[in-house]
Amino acid sequence: MSKEFTRHEIREKALQSLFPLDFNSDLTKQDAITHALELDQVEMVSEDGEEFVPVYLDVLVGGVCEKKAELDQTIHSHLGKNWTIQRIAKMDLIILRMAIFEMNYVSDVPNTVALNEALELTKKYSDDRSRKFVNGVLSNVMKELE
1 MSKEFTRHEI REKALQSLFP LDFNSDLTKQ DAITHALELD QVEMVSEDGE
51 EFVPVYLDVL VGGVCEKKAE LDQTIHSHLG KNWTIQRIAK MDLIILRMAI
101 FEMNYVSDVP NTVALNEALE LTKKYSDDRS RKFVNGVLSN VMKELE
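The opening position of the sequence shown corresponds to residue 1 in the UniProt record's numbering, with each subsequent residue numbered one higher.
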């Protein structure tokens, strides 16, 4: 249990935790986090089977779950007239929720960092059109917050 996660790795684990939570209402936050950590971090499980859950991972996953309706309302208010939340790819929607949560509720993460991290996740887990879409929505959210 010597490995320390970077904030970027934690965001990736948060995304991997939040994605199944969006589909499976029976899944608990802890089960989703545990599964995400076990995907490629078997060394993070101690001999007694307890996982090391980084605090920031718990904050991100718990915060996005708790504020989901509010985050979706913010996203909805920045969509074009022909767009609805249901039209957004699930991966992109979760990335948007995480970034907006960080912008609104995590004081030690500058908005530009939240935006850039969201774009990095979109590059890895989505496509170029999605990256442009996520960038547009988050840029507008940032302007509103400033």
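A couple of the hints might just be wrong.
Unchecked claim - Ranges of calculated distance between the beta carbons of each label pair, as one might list FRET restraints: (1) Ser25 to Pro110: 17 to 27 angstroms; (2) Gln30 to Trp83: 25 to 35 angstroms; (3) Asn82 to Asp108: 14 to 24 angstroms; (4) Ser25 to His76: 20 to 30 angstroms.
Said to hold, decoys possible - Within a straight-line C-alpha distance of at most 27 angstroms, the following computed DSSO-like cross-link-like pairs (lysine-lysine) qualify: (5) Lys123 to Lys143; (6) Lys81 to Lys29; (7) Lys67 to Lys81; (8) Lys68 to Lys123; (9) Lys143 to Lys29; (10) Lys90 to Lys143.
None of these hints come from the bench; they were simulated from the model.
This one's a predicted model, so the numbers in the text were calculated from it and none came from an experiment.
For glycine and all other residues, C-beta sits at the position ideal for the given N, C-alpha and C.
Inset, instruction - Find the hints from earlier in the document that the structure breaks and name them by number, from lowest to highest. - result: 1, 3, 6, 9
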